[in-house]
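**Student:** Sequence:
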Amino acid sequence: MSTRDLYVQGPGDALWTVPATGSARFSWEYGDGRERLLALYQKGKDKQWDAATRIDWDLEVDPRNPLGTPDESMALYGTRYWDKLTEQDRGDLRRHYTSWQFSQFLHGEQGAMVCAARIVESVPDLDAKFYSATQTMDEARHAEIYSRFLQDKIGIFYPVNDNLQALLGDTLRDARWDMPYLGMQVLIEGLALAAFGMIRDTTTEPLPRQILTYVMQDEARHVAFGRMALRDYYRQLTDAELREREEFVIEGCYLMRDRLRGLEVLENFGIPRQEAAEITENSEFLHLFRKLLFSRIVPCVKDIGLWGERLQRAYADLGVYEMGDSNLDLLMAQDEELAEELDAQRFAAEEAARTAEVAAAIARGAAEEAAG
Numbered sequence: 001m002s003t004r005d006l007y008v009q010g011p012g013d014a015l016w017t018v019p020a021t022g023s024a025r026f027s028w029e030y031g032d033g034r035e036r037l038l039a040l041y042q043k044g045k046d047k048q049w050d051a052a053t054r055i056d057w058d059l060e061v062d063p064r065n066p067l068g069t070p071d072e073s074m075a076l077y078g079t080r081y082w083d084k085l086t087e088q089d090r091g092d093l094r095r096h097y098t099s100w101q102f103s104q105f106l107h108g109e110q111g112a113m114v115c116a117a118r119i120v121e122s123v124p125d126l127d128a129k130f131y132s133a134t135q136t137m138d139e140a141r142h143a144e145i146y147s148r149f150l151q152d153k154i155g156i157f158y159p160v161n162d163n164l165q166a167l168l169g170d171t172l173r174d175a176r177w178d179m180p181y182l183g184m185q186v187l188i189e190g191l192a193l194a195a196f197g198m199i200r201d202t203t204t205e206p207l208p209r210q211i212l213t214y215v216m217q218d219e220a221r222h223v224a225f226g227r228m229a230l231r232d233y234y235r236q237l238t239d240a241e242l243r244e245r246e247e248f249v250i251e252g253c254y255l256m257r258d259r260l261r262g263l264e265v266l267e268n269f270g271i272p273r274q275e276a277a278e279i280t281e282n283s284e285f286l287h288l289f290r291k292l293l294f295s296r297i298v299p300c301v302k303d304i305g306l307w308g309e310r311l312q313r314a315y316a317d318l319g320v321y322e323m324g325d326s327n328l329d330l331l332m333a334q335d336e337e338l339a340e341e342l343d344a345q346r347f348a349a350e351e352a353a354r355t356a357e358v359a360a361a362i363a364r365g366a367a368e369e370a371a372g
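1 is the number of the first residue of the sequence shown in this note's numbering; add one for each residue after it.
Incorrect hints may have been included.
Unchecked claim - Derived DSSO-like pairs (lysine-lysine); straight-line CA-CA distance at most 27 Å:
hint: 1; residue 1: Lys291; residue 2: Lys43
hint: 2; residue 1: Lys302; residue 2: Lys291
hint: 3; residue 1: Lys129; residue 2: Lys47
hint: 4; residue 1: Lys45; residue 2: Lys129
hint: 5; residue 1: Lys129; residue 2: Lys302
hint: 6; residue 1: Lys129; residue 2: Lys43
Just so you know, the hints here were simulated from the structure itself, not pulled from any lab data.
Build out the structure end to end from the sequences listed, making use of the hints.
**Tutor:** Below, the structure written as structure tokens:
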């Protein structure tokens, strides 16, 4: 079955074409490279994994409660619309919200794959090309995972959100080689990491938790890559060039904030768009979620050297200015540790199952020998 048949709303043309700009750059210097970046490249090679085997796809998921999150996380909770919903309707709403969230994750991962490939093509340094090649594979794996989860476990897809598509288009159309880093590695990846983390830490369901934990282990490397490359490059830029990039960040952050409403879901449940917008704006959970989503972006932007007055005012307006002092390295280390803990639990369970199987075989053999 084509996934086009599973879209709640038609996604439009089968292909979205973004005109390519900028230059492909080759480097004939093969012996030089930044030690930190080459170490990250080695880590990127060492940490490759197969989504078909590392994730337990046999785990069941209830499509009407895929994440097991509380009702309070629904924007409609506490409104007159929520009170009118039957239990089946509420299950349908949870299914659609999860589909909408994970569909945006899926579309964002495809965008990240294309942006990583663009970095391979356009970045002037060979060490950065090496690492970007490993990231391209990572993003392909993530798109594979989210697509499989939506198709096999949820059963419906949502089209790409207009604001996400706009930011992807702006990122890819810019001819400057550093813009795919800034748009994807810092903004889209940073926002996605925070969204993944909030769901990972609140879901009671093992399959989505596995998926998000393992994806976040990869994403921690990607954000580190963007920080290294941009921090080095932005030290060389003029004030005017830095301000141009800050303007891009400001516009992108407002686009990302407005992406988070999920109005498409509420409209599918018969709520007029204007009223749906008011409901989401009044949702306490959404306000908290929205604020936490910038927890990875703000310290990263500050770290790479973009911290002018206008950008600081924008973050104050968004209510996230104080996040500039967050410890991004600690957050990333925790992401990797959680994946390693999950692996340890999985290996321990597999070892226990093998031990029990051997013990049962020995017991059967002993029983047969005694009977014989």
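**Student:** Could you check the structure against the hints above and give me the numbers of any it violates, in ascending order?
**Tutor:** When the structure is compared with the hints, only number 1 turns out to be violated.
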